[in-house]
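Take a look at the letters that make up each chain.
There are 2 protein chains.
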Amino acid sequence: MPSAALHLGTSVEAGGGFQGTGAMAPSARLLTPKGAGAAAGPAQAQSRREETANGGGAGPDLAALRPTTTTNRPRGKAQAGKPSRRAPIWNLKAAVFASVVLNVGLLVQHYVSSTAPSHHHHRQGHQACPMHLDAGASRDRRGRQEDPLSVPKAGAPSTGKPAVTPDSVINLDHGDPTMFEEFWRGTGAAAEIVIPGWQTMSYFSDVGNVCWFLEPGLDQEVRRVHRLVGNAAVDGYHVVVGTGSTQLFMAALYALSPPAGAGAGAAPMSVVSTAPYYSSYPAVTDFLRSGLFRWAGDASSFRGDTYIELVCSPNNPDGAIREAVLSSAGSGVAVHDLAYYWPQYTAITKRADHDVMLFTVSKSTGHAGTRIGWALVKDRDVARKMAKFIELNTIGVSKDSQLRAAKVLRAVSDAYELPEAGDARRRRLFDYGRRKMVERWRMLRGAAAASGIFSLSEETSALCNFTKEMAVTNPAFAWLRCDREDVEDCAGFLRAHRILTRSGDQFGADPRYVRVSMLDRDDAYDIFVKRLSSLR
Amino acid sequence: MPSAALHLGTSVEAGGGFQGTGAMAPSARLLTPKGAGAAAGPAQAQSRREETANGGGAGPDLAALRPTTTTNRPRGKAQAGKPSRRAPIWNLKAAVFASVVLNVGLLVQHYVSSTAPSHHHHRQGHQACPMHLDAGASRDRRGRQEDPLSVPKAGAPSTGKPAVTPDSVINLDHGDPTMFEEFWRGTGAAAEIVIPGWQTMSYFSDVGNVCWFLEPGLDQEVRRVHRLVGNAAVDGYHVVVGTGSTQLFMAALYALSPPAGAGAGAAPMSVVSTAPYYSSYPAVTDFLRSGLFRWAGDASSFRGDTYIELVCSPNNPDGAIREAVLSSAGSGVAVHDLAYYWPQYTAITKRADHDVMLFTVSKSTGHAGTRIGWALVKDRDVARKMAKFIELNTIGVSKDSQLRAAKVLRAVSDAYELPEAGDARRRRLFDYGRRKMVERWRMLRGAAAASGIFSLSEETSALCNFTKEMAVTNPAFAWLRCDREDVEDCAGFLRAHRILTRSGDQFGADPRYVRVSMLDRDDAYDIFVKRLSSLR
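From first to last, the protein sequence lines are chains L and G. Each residue of the first sequence is one higher than the one before, starting from 1 at the first, in UniProt numbering. Each residue of the second sequence is one higher than the one before, starting from 1 at the first, in UniProt numbering.
The set of hints was computed from the structure by calculation and includes no laboratory data. The model shown is predicted, which means the values in this text are computed figures rather than measured ones. Mixed in with the good hints there might be a few duds.
One copy or two, either will do: identical chains are not told apart, so a pair holds if it fits within one copy or between any two.
To be verified - No more than 25 Å apart at the CA atoms, straight line, and that leaves these computed lysine to any residue pairs for SDA-like:
hint: 1; residue 1: Lys436; residue 2: Pro196
hint: 2; residue 1: Lys436; residue 2: Lys468
hint: 3; residue 1: Lys436; residue 2: Glu488
hint: 4; residue 1: Lys468; residue 2: Ser313
hint: 5; residue 1: Lys468; residue 2: Thr165
hint: 6; residue 1: Lys468; residue 2: Ala296
hint: 7; residue 1: Lys350; residue 2: Asp523
hint: 8; residue 1: Lys436; residue 2: Trp198
hint: 9; residue 1: Lys530; residue 2: Arg442
hint: 10; residue 1: Lys530; residue 2: Leu228
hint: 11; residue 1: Lys350; residue 2: Glu469
hint: 12; residue 1: Lys350; residue 2: Arg428
hint: 13; residue 1: Lys436; residue 2: Asp510
hint: 14; residue 1: Lys530; residue 2: Arg425
hint: 15; residue 1: Lys350; residue 2: Arg435
hint: 16; residue 1: Lys468; residue 2: Val487
hint: 17; residue 1: Lys468; residue 2: Arg521
hint: 18; residue 1: Lys350; residue 2: Asp167
With the rest of the complex left out, here is chain L (with noise of 0.2 Å):
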């Protein structure tokens, strides 16, 4: 699935992590590093799953680190928020969340846009940021203090996260896959689209097909890309569209777990997946407490006839190609997540035709914010399901961002099926892919060499079928290990270093590992190499 690699395990950072940021600074600084890295290891990795899975309620959040004055403090003008229903719990949890504080403290420096403006003064440590930008800062109609490095001119399409200078904080957690605007910079009309006030208003896409929201022209375009790329079996097969590819993987999980009424006290079908797993299975998996479903853990020591197995590859995070470990003999059933299965980070080596199969534009074009995922489904009563999981949960999936995910998926086969004079090669999004991976794995296997204290995972090639060469494997996350005696907690130290990773432990693995992203934009990814360089 999802590539979709927002950093699921751990809220604070993505979510509630940005957010108010000026007011958590100054407790965040009151840890010194090596103390919270100290204090990241498997039980602040524990206690994260337990924020995830019960829905970041009743625990510790950062809220609770803050000055009272700013608490509940709603955007716009200002007004006294609704009190917490419940208490913030100053205890020792608090203390577990000392380096998921430290990390945003260290983001604040950056993402400086206040939400409480009216008690501005009362932040305290605000001076204390060097990259506070409070001089330049303008405000808009709300009195909301802009930033003009992050937020986008009033009415103006957003644009990410900021822009970084040598000394920023540089945010690799997620797998937000930047990369790739360079490239869709250059392809003008080709890959933009004009949706008039009236089109596509209906819930319907089209009535007679299982998957009735999906729009004709982005099942056309998906089936020609695969069958352009050679990595996925189309033919015979339905495609289900959704809201990226975690919606899927969800719908996958209702499809092919027991109805609930199925037999009288029938346990939930068990989730697992070989470690290191994508850090967002179990969290997905287990936030509603489903009945229907739990999250049972690693797929190599699982124990069990029934299950849901989650194979990803090349995998997310240590870009290994997998297969299903447990036999389907039994009452097993495979989900394959193929977000990264595409000439740009690995050889295509074969067509592959599993039972479903995931993919999403986010890791193929890196269009991550038009939200669009699609499944390959053998069987049409699994197929249904699934649309009937997405038809429950959101009626469906948005019709702009399927006419959009097509039109970007048609300008990428076009310009290899349709060659046009002069500058159809410049718009070869895989080729252009490929140079770029190929160009920051050898960045990155220098900066570690240069280091020494950093290790990868060996190189591995095969031929691949669509480009007919010897294709170097090139993951969009490096699995690195820092192998310094003194470090056990490798995200910890490189957060001191104001380098922001995944911690192994979200993996179900060593957190002397992290998992990195490879899609970022140029300027924070140079940034990255260079400091990762001079670490020793």
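Given the structure of chain L, go ahead and fit chain G onto it with the hints provided.
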């Protein structure tokens, strides 16, 4: 919430129902309308609920009534699909579903796109379809038979349900708001959006916001339109965007229920609403069998201190103006679904300022296919948890649709706040919507009077703060009662006359009532009214 009037309780109609319908028609026709109607009483409703809650899994589905040669046949090139893991059940339950099948059998006469082209000649009853368009049908590249009315050209955006003729089945079961297309065809560039290939590729929209995936431009236009209309307070509120308000409904349940770890053996939160309640509330609450919350039925008969009360006002299905019926003195909380609280449907009598309020473009502007809803949330912690739900569920919300929704809402506000010479009045959405709804309700009341066997709720009116005029209530759905003594199942009765509506029993109410969408296109609505007036 959602407005989202897709028939969540009867998946077979929306999801599976349209599919492979050619094969079902013969079976459907074996049943007389009368017999089918008789089978479709409370028992059917119960079965429907179970089917939904159980994921539509083990129970009988329409595939069971199809010739085996076309079962489990996916789209695309002919290839034997993997058979379903669960055998079809040819038992009593199949009879219970008979009326649904009839329903679908009627639909098939319009939605004739085949999913099994290679077995085309096997489908019986093919020639019997009066509306079958085989003569004019062409085949696309995948060999799929094309219906010129329902299947758009290759790659073209979808157009929703196919056009109708005086003999057509008229499907007013879903609240598909295609009535508004006409308005938006007149707004030109004001509501048109252009998205370049490189835009909004990041997961992040506004890293300084609790709802970090919310486009700032949408936040701004949501606040602006509420200030214009005066239907809800926005100052001091957080805006949380969702993939339609259905997702926000689930997000609110997640945010307002105690986390699973809160207490050992803690019971799931009870979710209630006064009958008649929107049919998707129970379905969406229960389909994943969450341990966090559970549907507990009619609020007016609920006994307990801990609950989430859903207050839909104006109410879906009956248009009533509602207040919470349970005291919130205990630990109960209310979620206000204000999807229909707009000037085209009702007088705006006060600025709502509840803790959690849900809205959607599906019903405010008619853009159901865009799948954008928003919540106005007072408490920061609740907003944070709702955003967390959406992060775990879909990693944010389509930026493309957010930008489109912002553009559309801006066009709405501009037409009132920035009147240009000449045509500004023509571009006023609420004026247009009110004119249309007044006219449609006049036609419906006339038809009911002409028929003599139907009754509707009394017309009410109030001073609208937005228009400064007295305004009658023109709900987006009619709550129609069949007064004929021998008709106990109004939906079945109307279905026999080729009018598809949603039975009262889906709303926890009397099956002598049906809910009828008032928002379909003119052609379908006109045929409906004419046909209704002729019934005796």
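Each hint, compared with the structure:
Taking identical chains as interchangeable, the C-alpha atoms of lysine 436 and proline 196 lie at most 25 Å apart only when they sit on different chains, with a minimum of 22 Å there against 36 Å within one chain. Only within a single protomer do lysine 436 and lysine 468 lie at most 25 Å apart by alpha-carbon distance; the minimum there is 19 Å, versus 61 Å between protomers. For the homomeric pair lysine 436 and glutamate 488, neither the shortest alpha-carbon distance inside one copy (32 Å) nor that between copies (68 Å) is at most 25 Å. Taking CA atoms no more than 25 Å apart as the test, lysine 468 paired with serine 313 passes inside one copy only; the shortest distance there is 21 Å, against 62 Å between copies.
Within a single copy, lysine 468 and threonine 165 get their C-alpha atoms no closer than 40 Å, and across copies no closer than 54 Å, so neither meets the 25 Å cut-off. Taking identical chains as interchangeable, the C-alpha atoms of lysine 468 and alanine 296 are never at most 25 Å apart, the minima being 40 Å within one chain and 60 Å between chains. In this homomeric assembly, lysine 350 and aspartate 523 never come within 25 Å of each other (Cα to Cα): the closest approach is 35 Å inside a single copy and 51 Å across copies. Taking CA atoms no more than 25 Å apart as the test, lysine 436 paired with tryptophan 198 passes between copies only; the shortest distance there is 17 Å, against 40 Å inside one copy.
When the C-alpha separation of lysine 530 and arginine 442 is checked against a cutoff of 25 Å, the pair qualifies only within one copy, where the shortest distance is 13 Å, while the shortest distance between copies is 72 Å. Taking CA atoms no more than 25 Å apart as the test, lysine 530 paired with leucine 228 passes in neither setting, with 37 Å inside one copy and 52 Å between copies. In this assembly of identical chains, the alpha carbons of lysine 350 and glutamate 469 lie at most 25 Å apart only when taken from the same copy (14 Å versus 68 Å across copies). Taking the closest pair of Cα atoms, lysine 350 and arginine 428 come within 25 Å of each other only inside a single copy of the chain (21 Å); across copies the shortest separation is 56 Å, beyond that limit.
For the identical chains of this complex, lysine 436 and aspartate 510 are neighbours neither inside a copy (29 Å) nor across copies (64 Å), given an alpha-carbon limit of 25 Å. Proximity of lysine 530 to arginine 425 under the C-alpha cut-off of 25 Å is found in neither arrangement, the shortest distances being 31 Å within a copy and 60 Å between copies. For the identical chains of this complex, lysine 350 and arginine 435 are intra-copy neighbours only, at 22 Å inside a copy versus 60 Å across copies, given an alpha-carbon limit of 25 Å. Taking identical chains as interchangeable, the C-alpha atoms of lysine 468 and valine 487 are never at most 25 Å apart, the minima being 43 Å within one chain and 70 Å between chains.
Taking CA atoms no more than 25 Å apart as the test, lysine 468 paired with arginine 521 passes in neither setting, with 29 Å inside one copy and 53 Å between copies. Taking identical chains as interchangeable, the C-alpha atoms of lysine 350 and aspartate 167 are never at most 25 Å apart, the minima being 44 Å within one chain and 51 Å between chains.
Hints 3, 5, 6, 7, 10, 13, 14, 16, 17, 18, counting from the list given before, are not met by this structure.
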